[in-house]
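Undergrad: Please build the complex by placing chain B on the supplied structure of chain A, with the hints as guidance.
Given next are the chains, with one letter for each unit.
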Amino acid sequence: MISNFITMNGYGFYVWLSFSVVFISCVVVYFKTKKTLKKYEKEFLVELQTLTLEEKNKALKNSKVAQQILAISPKVN
Amino acid sequence: MFKFFSSTNIYLLIQKLIRFINSIFFLILLIGLTFALVLSPPDYLQGDAVRIMYVHVPSAWIGLACFSTITFLSIFNFIFKIKNFYFINKSIAPIGLLFTCLAIVTGSLWGQPTWGTWWAWDARLTSMVVLMLFYVFYILTFKLLKKEESIIKVSSIIAIIGSINLPIIKYSVEWWTTLHQPASIKITGSNSIHPEMMLPLMVMLLVFLLYAALIFLMKYKTEIIRIKKKNIKRN
Numbered sequence: 001m002i003s004n005f006i007t008m009n010g011y012g013f014y015v016w017l018s019f020s021v022v023f024i025s026c027v028v029v030y031f032k033t034k035k036t037l038k039k040y041e042k043e044f045l046v047e048l049q050t051l052t053l054e055e056k057n058k059a060l061k062n063s064k065v066a067q068q069i070l071a072i073s074p075k076v077n
Numbered sequence: 078m079f080k081f082f083s084s085t086n087i088y089l090l091i092q093k094l095i096r097f098i099n100s101i102f103f104l105i106l107l108i109g110l111t112f113a114l115v116l117s118p119p120d121y122l123q124g125d126a127v128r129i130m131y132v133h134v135p136s137a138w139i140g141l142a143c144f145s146t147i148t149f150l151s152i153f154n155f156i157f158k159i160k161n162f163y164f165i166n167k168s169i170a171p172i173g174l175l176f177t178c179l180a181i182v183t184g185s186l187w188g189q190p191t192w193g194t195w196w197a198w199d200a201r202l203t204s205m206v207v208l209m210l211f212y213v214f215y216i217l218t219f220k221l222l223k224k225e226e227s228i229i230k231v232s233s234i235i236a237i238i239g240s241i242n243l244p245i246i247k248y249s250v251e252w253w254t255t256l257h258q259p260a261s262i263k264i265t266g267s268n269s270i271h272p273e274m275m276l277p278l279m280v281m282l283l284v285f286l287l288y289a290a291l292i293f294l295m296k297y298k299t300e301i302i303r304i305k306k307k308n309i310k311r312n
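Protein chains in written order, with our numbering: chain A, 1 to 77; chain B, 78 to 312.
It cannot be assumed that every hint is accurate.
Derived lysine-lysine pairs resembling PhoX-like cross-links, with alpha carbons at most 20 angstroms apart [as the list claims (entries may be wrong)]:
no., chain 1, residue 1, chain 2, residue 2
1, B, LYS167, A, LYS35
2, B, LYS220, A, LYS32
3, A, LYS42, B, LYS306
4, A, LYS39, B, LYS167
5, B, LYS306, A, LYS38
6, B, LYS158, B, LYS230
7, B, LYS306, B, LYS160
8, A, LYS58, B, LYS306
9, B, LYS220, B, LYS307
10, B, LYS160, B, LYS224
11, B, LYS306, A, LYS35
12, A, LYS38, B, LYS167
13, A, LYS34, B, LYS167
14, B, LYS93, A, LYS34
15, A, LYS38, B, LYS93
16, B, LYS306, A, LYS56
17, A, LYS34, B, LYS306
18, B, LYS167, B, LYS307
19, A, LYS39, B, LYS306
20, A, LYS39, B, LYS220
21, B, LYS167, A, LYS32
22, B, LYS220, A, LYS35
Simulated from the structure, these hints should not be mistaken for lab results.
Computed from a predicted model, the values in this text were never measured in an experiment.
In isolation and in its complexed conformation, chain A is listed as follows (with noise of 0.2 angstroms):
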């Protein structure tokens, strides 16, 4: 039973690479996506560093975008 799950019946080759093509697309443009999320998020840290403390307070204020970044980076004070 095992066996004919894994050869398909002797379609094994083109099912097996089907869903591995798939897969491996799917899990490259996901980390691909979350690695430049992840740094537009760092780069809008940097930005809101270069601030003045004034402007910093003001842009915290005014946006709860920010607010979330600096949220979940906590490394960035």
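TA: What follows is chain B alone, placed relative to chain A:
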């Protein structure tokens, strides 16, 4: 009402949605794969090769759905100048390209054991390649053009011209003699697919839709951060 659609509220909603999709995704993926690879019966003609359908068909549907969405939003953006649609389209296009490519590759892998060839320049296959090319041109406008106004204009034109290809893809199997089989699932009329195969197909479609939604939300979130970064000193 319109305040709800502010980028801040959308950003907060996106975070909740990403968390929700992450929490259910692997369970649904596991159910989908069990159905597709174990529980679903082999076809009486194609044998186990029919299982490729569970990745090929959802990929093709999502590839087509993404381009249809891009076309509608481009038309609305052209008329009403809603900038959010531009960012939505920018986030959807790579997902559409990914699934169109996957539909072509898995279709080729399905073609070899069933038709005896990896590729044929028949109407359905060729029109899918044309769709892929439109996606490539569409994405290239974001990479090559600098001015946002030019990007919106050129990308909208590409989307509107490309939309002519959508009914060609859909009806290619009826208008021309092709290797590709006609549609088994019809919104109006009876389906020629057995319920034991229909259920795994629908579960796998849900898996693919959740994945597409997850990538879209992450890309859209990136766009919001990019805009906020640009405007940070103006706040």
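Undergrad: Hey, LYS39(A) versus LYS306(B), does the alpha-carbon distance stay inside 20 angstroms?
TA: With a Cα-Cα distance of about 12 angstroms, the restraint between LYS39(A) and LYS306(B) holds, given a limit of 20 angstroms.
Undergrad: Against the 20 angstroms threshold, does the CA-CA distance of LYS38(A) and LYS167(B) hold or violate the hint?
TA: Holds: LYS38(A) and LYS167(B) sit about 18 angstroms apart, inside 20 angstroms.
Undergrad: Tell me if the straight-line CA distance from LYS306(B) to LYS56(A) falls inside 20 angstroms.
TA: 12 angstroms, holds
Undergrad: Holds or violated: LYS34(A) and LYS306(B), Cα atoms, limit 20 angstroms.
TA: 18 angstroms, holds
Undergrad: Taking 20 angstroms as the top limit, are the C-alpha atoms of LYS34(A) and LYS167(B) close enough?
TA: Holds, at roughly 16 angstroms.
Undergrad: Holds or violated: are the alpha carbons of LYS160(B) and LYS224(B) at most 20 angstroms from each other?
TA: Status holds; Cα separation ~14 angstroms.
Undergrad: Please verify whether LYS39(A) and LYS167(B) have alpha carbons no more than 20 angstroms apart.
TA: Given pair LYS39(A), LYS167(B) holds - Cα atoms ~18 angstroms apart, limit 20 angstroms.
Undergrad: Within 20 angstroms, alpha carbon to alpha carbon, are LYS167(B) and LYS32(A)?
TA: This hinted pair holds, its Cα atoms lying about 16 angstroms apart.
Undergrad: Mind checking the alpha carbons of LYS220(B) and LYS32(A) for me, to see if they're no more than 20 angstroms apart?
TA: Roughly 17 angstroms separates the two Cα atoms, so the pair holds.
Undergrad: Under the criterion that the straight-line Cα-Cα distance not exceed 20 angstroms, is the pair LYS167(B), LYS35(A) satisfied?
TA: 17 angstroms, holds
Undergrad: Just to be careful, I want the Cα atoms of LYS167(B) and LYS307(B) compared with a cutoff of 20 angstroms; is the pair within it?
TA: 18 angstroms, holds
Undergrad: CA of LYS38(A) to CA of LYS93(B), is that 20 angstroms or under?
TA: Distance ~17 angstroms between LYS38(A) and LYS93(B) Cα, so the pair holds.
Taken one by one, the earlier hints all hold for this structure without exception.
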